[in-house]
Amino acid sequence: MAETGVTTTQVREPARPFVQPVTLLRIALIVGILALWEALSWSGLLFRDVVPSLLAIGRALIDTFADAGFYFHLYTTTYEIALAMLIGGLSGLVVGLLLGGSPLLSKAYEVYLYYLGPCPKIIFFPLMLLWFGVGPGSKIAMGAISCFFPIALNTAGGMREIDRIFIRVGRSFRANTWQMVTKIYLPAMRYPVINGIRLGLGVALIGTLLAETKLSNRGMGFLVIQAYEFFRMPEMYALLIILFVIAIGANALIGRMGGIATIKRA
Amino acid sequence: MSSATAIARSPALPFVLGVGTLVVALAILELVVSLGLVNPFVMPMPTEVFAALPRLIVEEHAFQRFLLTATEALTAGLLVAIVGIAAGALLYRFVLLRQATETWVAAAASAPTVLLYPLFLVIFGRNSATIVAMGFVAGLAPIILKTLEGLCTTRSVLINVGRSFNLTPSQQFRKILFPAALPTIFVGLRIGLIFTMLNIVGVEFLINFGGLGQLINEMADRYDIPGTYAAILFVVLVSVLVFILIERLERWLRPE
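First to last, the sequence lines map onto chains A and W.
According to this note's numbering, numbering within the first sequence proceeds without interruption in unit steps and concludes at 266.
According to this note's numbering, numbering within the second sequence proceeds without interruption in unit steps and concludes at 1256.
It is possible that part of the hints are untrue.
[What the hints assert, rightly or not] Computed from the model, here is a short list of chain A residues facing chain W with C-beta under 7 Å:
| # | residue |
| --- | --- |
| 1 | Tyr71 |
| 2 | Leu113 |
| 3 | Ile122 |
| 4 | Leu130 |
| 5 | Phe132 |
| 6 | Thr182 |
| 7 | Gly202 |
| 8 | Ile206 |
| 9 | Lys214 |
| 10 | Ala247 |
| 11 | Ile248 |
| 12 | Leu253 |
Rather than coming from a laboratory, the hints here were simulated on the basis of the structure.
Treat the numbers as computed from the prediction; the structure is a model and nothing was measured.
By construction, the Cβ of each residue, glycine as well, lies at the ideal position given by its N, Cα and C atoms.
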């Protein structure tokens, strides 16, 4: 899982108009897309409800939030992802520290992780069903497997890039292994680790939700696939919008944490 | 990413350790299952799994399935490359458009697009079109971002050389900007193609249609436990081989 970089360019004009042209263009684009959507929905070119009216989607969003049952499913998925992140994240961190700390272990085992990392994890779901049953256990396992790889690889890579001088400082203070990990290694490599956690959360979310759509009786993924099976399209759009807002929001939040960490260091 | 190459050039000891651990782990597993300590319906013996591999190839047409998946992946990959590079160039050309939409593209790159598969099922039906479309959506954002990054980080010296030769904008793009951005674009293509393949195999498994993904689904549905393990092993091996191939290809194509 490689990270896709973003080049941010900032242009400062001497005289600022009341409304920035960029903001204006953004508003125009959003309004244009929404208008196109609505026109497509009314045109009858596609099957009814494949592109539902924005009003219908809005109503479905309100209905979803008003439905008490929704919060049970939201809680189930949140709980599954949280446990998956805890299990997969901690094991990824430990494995990453071991691999990053020892050149021999890294050379012996990291190549397996490196090539297994980008494999489609969802194909392991039948095995997770065999091992952990059809309940939340198999979903947690899917999420944990998914997030283990980016966190382990990022931790190992981050550890190798620590400035040698920090390690020498730790040694000269006679820090023991635990102190070295908590006082030297983890603070010095927090940026790659946080980045690993950000990538890990993204794939854990996907792993857990996809597993729920495949076979389950609760959770957000289950709700989406139910809406699909009963052809309740506005509800499906509403659920997908909620999921995307949560996923992109969580990603941005963790990304910002990484940003703050680097600012403090400077 | 260079860790793999560093590992590949190292002496034999780590390699022996890695493979040795794998063999010992499989041997322990074999022993544990044959002693009846683990339910064989949950964990078959590794030898049974390996024995099921030829069956997959002969009876389940694993290679034809691979070709089907590869065709879908290449179709989606080609679409992604054309649209993604064009979109990246467009965003580079129109600065205002870039300022307005670059964060959106970045957000889309981190969005769980594979969750849209029920939506694509409704629009395209349960067929190859859905699978190709899912692969396309998954791979697009990284290529746009990497193309943009490559074009934006072209050294100004190179651009000035083009200016001093009085190149037209299209010549400037073809002779200076595009070749200069090519290494970064290849990185984007590799990432995008991997996302595309990942999603294609995943969606094949989820909607039980098409090539390699469906193979796993079918074996699991038949409750053929060694077959399921063997199918998963086969798909993992195939994906690893494809990753290695893409990496080699990138290194070979990349102008240094």
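Do the hints match the structure? See the list:
1. Given hint, tyrosine 71 of chain A at the interface with chain W, is violated; its Cβ is 20 Å from that chain's nearest Cβ, farther than 7 Å.
2. Restraint check, leucine 113 of chain A versus chain W: the minimum CB separation of about 10 Å is more than 7 Å; hint violated.
3. Hint status for isoleucine 122 of chain A: holds, given a least beta-carbon distance of 5 Å to chain W, under 7 Å.
4. For leucine 130 of chain A, the interface hint holds, the least distance from its beta-carbon to any beta-carbon of chain W being 5 Å, beneath 7 Å.
5. About 10 Å separates the beta-carbon of phenylalanine 132 of chain A from the nearest beta-carbon of chain W, more than 7 Å, and the hint is not met.
6. Because the closest C-beta pair between threonine 182 of chain A and chain W is about 25 Å apart, greater than 7 Å, the hint is violated.
7. A least Cβ separation of about 6 Å between glycine 202 of chain A and chain W falls short of the 7 Å threshold, and the interface hint therefore holds.
8. A least Cβ separation of about 5 Å between isoleucine 206 of chain A and chain W falls short of the 7 Å threshold, and the interface hint therefore holds.
9. Against a cut-off of 7 Å between C-beta atoms, the interface hint on lysine 214 of chain A holds, since the closest Cβ of chain W lies about 6 Å away.
10. The beta carbon of alanine 247 of chain A comes within 5 Å of a beta carbon in chain W, closer than 7 Å, and the hint placing it at the interface holds.
11. The criterion of a C-beta within 7 Å of any C-beta in chain W is met by isoleucine 248 of chain A, whose closest approach is roughly 5 Å, and the hint holds.
12. Of the supplied interface hints, the one on leucine 253 of chain A is violated, with its beta-carbon coming no nearer than about 11 Å to a beta-carbon of chain W, more than 7 Å.
Taken one by one, the earlier hints fail for this structure at numbers 1, 2, 5, 6, 12, listed in ascending order.
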